[in-house]
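In case it helps, this note's numbering puts the sequence shown at residues 248 to 520.
Keep in mind that the hints are not guaranteed to be accurate.
Cross-link-like lysine-lysine pairs, in silico, DSBU-like; alpha carbons within 35 Å at most [to be verified]: (1) Lys-414 - Lys-473; (2) Lys-258 - Lys-281; (3) Lys-250 - Lys-340; (4) Lys-478 - Lys-384; (5) Lys-478 - Lys-508; (6) Lys-260 - Lys-422; (7) Lys-473 - Lys-250; (8) Lys-340 - Lys-258; (9) Lys-283 - Lys-298.
Everything labelled a hint here was simulated from the structure, so no lab data went into it.
These numbers come from a predicted model, not from an experiment.
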Amino acid sequence: MTKQELVNQIKQKSTYLCVGLDTDITKLPKHLPKNKEGVVLFNQQIIDATKDYCVSYKINTAFYESQGIKGWEAMEETLAHIPSTHFTIADAKRGDIGNTSAQYAKTFFEVLPFDAITVAPYMGEDSVRPFLDYTDKVTIVLGLTSNAGSADFQQLFISSNNSQERKLYEQVLVKTASWGTTNNLMFVVGATRTADLENIRAILPDHFLLVPGVGAQGGSLAEVAKFGLNKDAGLLVNASRAIIFADGGENFALAAQATAKAYQQEMQLHLNQ
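I would like the entire structure built from these sequences, with the hints used as guidance.
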């Protein structure tokens with residue numbers, strides 16, 4: 248899916264919601280088996296219930312990799328069930344020396360045909376370049392994350408070549424943006440960091456931002472919209488647990504649908520402002 252196709256979907260549906268399929272096998276409703284089949288059935292029903300209210304699905308690969316080969320099969324079957332109208336993200340946070348990253352890129356862009364993957368830029372351009380070499384795919388770089396540990400490195404002040412101080416995450420955004428374009432690069436910005444979002448949007452006025460942390464982590468959708476929206480919307484706001492585990496019983500899909508619809512309706516208001 249191209250950037251323009253994603254923008255068109257956002258405008259058509261009046262939503263920039265991304266549903267996170269962080270499917271913890273231990274939290275499946277009691278009536279579903281705690282195995283691959285249960286995970287796939289759960290995910291399929293979540294997708295069917297929410298697809299009208301979102302434009303993207305993000306699969307957190309850790310919840311599938313931890314289940315071994317059966318987990319990989321569940322991830323593949325889940326991905327195959329997502330409509331082609333939706334932007335698919337492998338939340339894998341990969342990044343390594345070039346030839347290793349090339350294998351990661353092949354895994355998540357060819358073997359598992361995701362539209363995008365999250366990557367960690369700590370090792371520099373040669374660790375990200377193999378993903379960017381797929382011109383029809385999108386690389387989503389970790390910019391500023393929502394966890395408390397982001398203060399350990401991301402928020403530290405550093406001196407740039409012109410001796411001006413900036414935070415490390417700002418340097419990552421500026422440098423990484425030069426490696427690609429607004430068509431093949433997005434950035435992860437945590438919703439609990441809305442105080443920094445206005446600054447980030449000034450640095451990256453035209454890039455899409457993937458924003459986790461709304462919902463269970465307490466991020467404010469109104470604040471994200473206020474500081475993050477641009478002329479193309481430019482946002483994918485992810486909600487995972489708040490949607491998929493909105494109800495732990497047999498009506499889990501209906502609860503997920505209601506929650507996704509509520510997000511969509513609020514997003515529509517922000518888009519129309």
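Outcome of the hint check:
1. Lys-414 - Lys-473: This hinted pair holds, its Cα atoms lying about 23 Å apart.
2. Lys-258 - Lys-281: Violated, because 38 Å separates the two Cα atoms, which is more than 35 Å.
3. Lys-250 - Lys-340: With Cα atoms ~21 Å apart, Lys-250 and Lys-340 stay inside 35 Å; holds.
4. Lys-478 - Lys-384: Holds, at about 22 Å.
5. Lys-478 - Lys-508: holds, 23 Å
6. Lys-260 - Lys-422: Distance ~33 Å between Lys-260 and Lys-422 Cα, so the pair holds.
7. Lys-473 - Lys-250: Judged against 35 Å, a Cα distance of about 22 Å means the pair holds.
8. Lys-340 - Lys-258: Roughly 29 Å between the alpha carbons, so the hint for Lys-340 and Lys-258 holds.
9. Lys-283 - Lys-298: Measuring from Cα to Cα gives roughly 22 Å; hence the hint holds.
The structure shown violates just one earlier hint, number 2.
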